[in-house]
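Residue numbers (our numbering), protein chains in the order written: chain A, 805 to 1430; chain B, 99 to 404.
Keep in mind the hints are simulated off the structure, nothing from the lab.
Derived pair list, reagent style DSBU-like, types lysine-lysine, alpha-carbon separation capped at 30 Å:
#1 Lys124/B x Lys375/B
#2 Lys1341/A x Lys154/B
#3 Lys1302/A x Lys1095/A
#4 Lys1101/A x Lys1337/A
#5 Lys148/B x Lys1286/A
#6 Lys249/B x Lys1225/A
#7 Lys888/A x Lys1193/A
#8 Lys249/B x Lys1242/A
#9 Lys144/B x Lys1286/A
#10 Lys1097/A x Lys154/B
#11 Lys148/B x Lys1107/A
#12 Lys131/B x Lys144/B
#13 Lys380/B x Lys124/B
#14 Lys154/B x Lys1107/A
To be clear about the criterion: a stretch of chain B counts as covered by chain A if any three or more of its residues have a C-beta under 8 Å from a C-beta of chain A, and this derived list gives those stretches:
#15 151-161
#16 167-175
Treat the numbers as computed from the prediction; the structure is a model and nothing was measured. Positions of the beta carbon are idealized from the N, C-alpha and C atoms, including for glycine.
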Amino acid sequence: MFIFDKLSILFVFLIMLGVVPNLFYSFGYLPHIKRKVHYLVHYFGFIISMLGVVVAGNALVFLLFWELMSLTSWQLILTEIEDKSTIKAARFYFFMTHFGFVFLLLFFLIVTNGNLEIDFNSMKIIASNFAYPTLLFFFAVLGLLSKAGVVPMHVWLPYAHPAAPSPVSALMSGVMLKVAIYGLFRFLFDILSDWQLEWGVLILILGAISSLVGVLYALSEHDIKALLANHSIENIGIILLGFGMGMIFLSLKLPTLSAFAFMAALFHSFNHMSFKSLLFMGAGSVLHQTKTKNMEKYGGLIKAMPITAFTFLLASISISALPPTNGFLSEWMIFQSLLGSASIDNISLKLAIPFSVFALALTGGLAIACFVKVFGITFLGLHRSTNAKHAHEVNAMMKTGMILMSLVVVSLMLFTPFYMKLFDGVTGQLLHISIYNKIFPNIWSMHSISDNGGIVSPLILLAGLIVLTLSIYAIYKSLNIKDRVYHTWACGYNTSAKTQYSATGFAGPIRRFFTWLYNPDEHFEKEVIAGHKTKFKDASFSVHVRPLFERSLYQSSVKWTNKMSYYVYRLAHFEQSRYAAMIFNILLSVLFSYRIFVHEFSWATLALESVVMIISIKVLLIGDKK
Amino acid sequence: MILYIFSILLLIFLAPLMPSFMKMVKMYLLYKKPISIFQGYRDFSKLLSKEIIISKETSAITRIAPFLVLSPLLLTLFFLPPIVSGEYYVSFVDAFTITGLISLSTFFLMLLGLDSASSFGGLGSSREAFISALVEPAMILTLFSVSMMAKNLGIGQAGINLSLHFPSSHIASFIFAGISFFILLIAENGRIPVDNPETHLELTMVHEAMILDLSGFYLLLIESAGSIKFIIFASIFVSLFVPFGLNLPIVSAILVFIAKLFIVAIAVALLEVNIAKLRLFKVPNLLGIAIVFAFLSLITFYVLGA
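Whole structure, please, built from the sequences with the hints as guidance.
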């Protein structure tokens, strides 16, 4: 019924690492929640259900806890119910998560032959005898990745995460998405055996697209929590890049490279859990003080909220993959496994993988831009609203939560070898190969597995940076230089909150460069003085980005459904003669298609009969346009 | 080990000379009376004696960030390829880490721009974020390609491998990677087609806009970070793409290395005199060329093996 192998234990560990600091934060946050009992019941239910999923030993338990996880998180989104957009977001989340659940259910019904209580080993036998393994793979991908928020099933994240209370967003983004990654490991290794090469390529492509799309939409966001939610899409994409490379290498019988890539994916899952939870906590503290999610109303918060600001800075550096942080190390590993593609023989694959390298590198660059924007606009400069002016540091419990989570970030940075050992145990269980000693011959330096691979020494880098910074600081102190505080030089004008750069302005060049993707709605209104175009006293500029996938995939399908239902509606209001005509047409089409598809096929009759069908439908059914 | 320390000190010594040298060459070419090559040192000593003026709108970041802009770049100096054969070099840090360290320095520079609440700072940060986001993929792809020709991703080992076995069979992809890296050298150091280091015009400035509010020692830190960044890129360029002269006797090897650095500086200066600064939204085209050359380099290496 339950399973406690290394993979499960690892993910239990991940969940506990994410949950424990979150508990502190959550209790600090509790006084601001109106429906306390509702919140607490679902909060603990959510945690237990996540633990339940990762230790589930059969399909029934897995599905039970999976559904419980969905329902409790859905109720948690509905905690602050006053807001109308919350209800909409929760409905969207409910729909998306059950869309995934249907596929998981189908998957399990096939691999268990209907008996949901058999264990994974028996499922593996049934799955290996199933005639269409790729169908099973697609079910698993649709079911799990709609939960993980991978493009194009990511649209619920930027709605659901901002609507939930901040500790819940931290849990959902940091931990719940990783449960889906656990599912991917469990399903692919324990249920679906002999993979095809194309599966890995599909995962790789999904990862590359998600990482780019996530970070690009994050850049255009002004809602701080929606921005972080978009970054979750990006980071899940990065995890999938590692995972996809692992699958490709394993299909090509390169087990050491594969183990390295899977370890990279696991490491990035841990890192994303740590820094994303911390970022959501920081965003929650800011939101709690300023009462708004709009970044344009922040500014200068570092002076009032130093602990929030510096923990947020640590997480920002880490998520931007800058050395020597943990985020850099896992992204480095994923780069190394992409570079391992040099030892693939298949030339077309070999030529395609540099595009993933390109996607990952561009993602890294844009993530830096994005987190400069978030940190700079939120915490630096002058306050842009009165609430930001009167903000002060959050309560001790919330601070404890943030500090504990930043300790998790730091521990991932300092004790990389220890975590690697854990991941090595898991890949050892899955692939029957241990590469820890190749990655860490000693604890100081971390080696890549691929030929011509690189080496990085996180601890030496950290020590070097600290020593150099301190020595420059010592020189500065020994020189005993005077300093004086004065106004910012703004070419003779006064500096005010309105003259500094806004988040919209900061992302301006990038938004303009990627106009084809953003397709922004720009509104620029100004009150000109005496008809001079360049002289105006009051101006407002607003820009709204319309997400491409939501527009093309979701809204257009809604539009088409509406159109179809209009015809169905018309169908229901025909007069009797039309019904008779319809029956006649259906009869005709059945006869014709029997003749064409079953009896004998010829293009001439097909053409002739189609013409007859079209005329008959036009004349009898549609009739004249009124 | 002595040579290693000597080479680091040499690079630190040469760093302030490079911008002044480039300016000197440019002024000479424009028929102006050239400045002294030691102008950089004079500027630094002047900045040392001045007091620091800190804007009252700023936060702790302004007091921390200048140190963190300089220290990753100083750390990178320790990881550069050797300039003399037999010299100690760092083998435990690879090219990706170096690009990461450079990005770390840029990250704090951009925060610095936003800290003073001036519209110039934000303007500079925003532009720098845009440019450096597009530099990143070209950089990684170029390094990927070079690492395959040099058979190592570590910059030090790659420099030695390339000088021992010049990749004459892969000359096409080698040259493509070289072109790409040279464009990146210009873009990352804010030289003319991308940024003009000499003006303070809001239409054009990128790097200068971010540091407009710094003075005294903090400005010194940022300025020296700028010159050290140039020397890092120049020495990586000459060690990887002009890998000659490493095996000469010590003194001549060092002289050849310095000469190569100055040749790179002359090339950049010549380019600056002959090209107008690009509009900000034309810069992606230039960086796009770098990305395309990096891809070409990889593809020719894989497909043609040339």
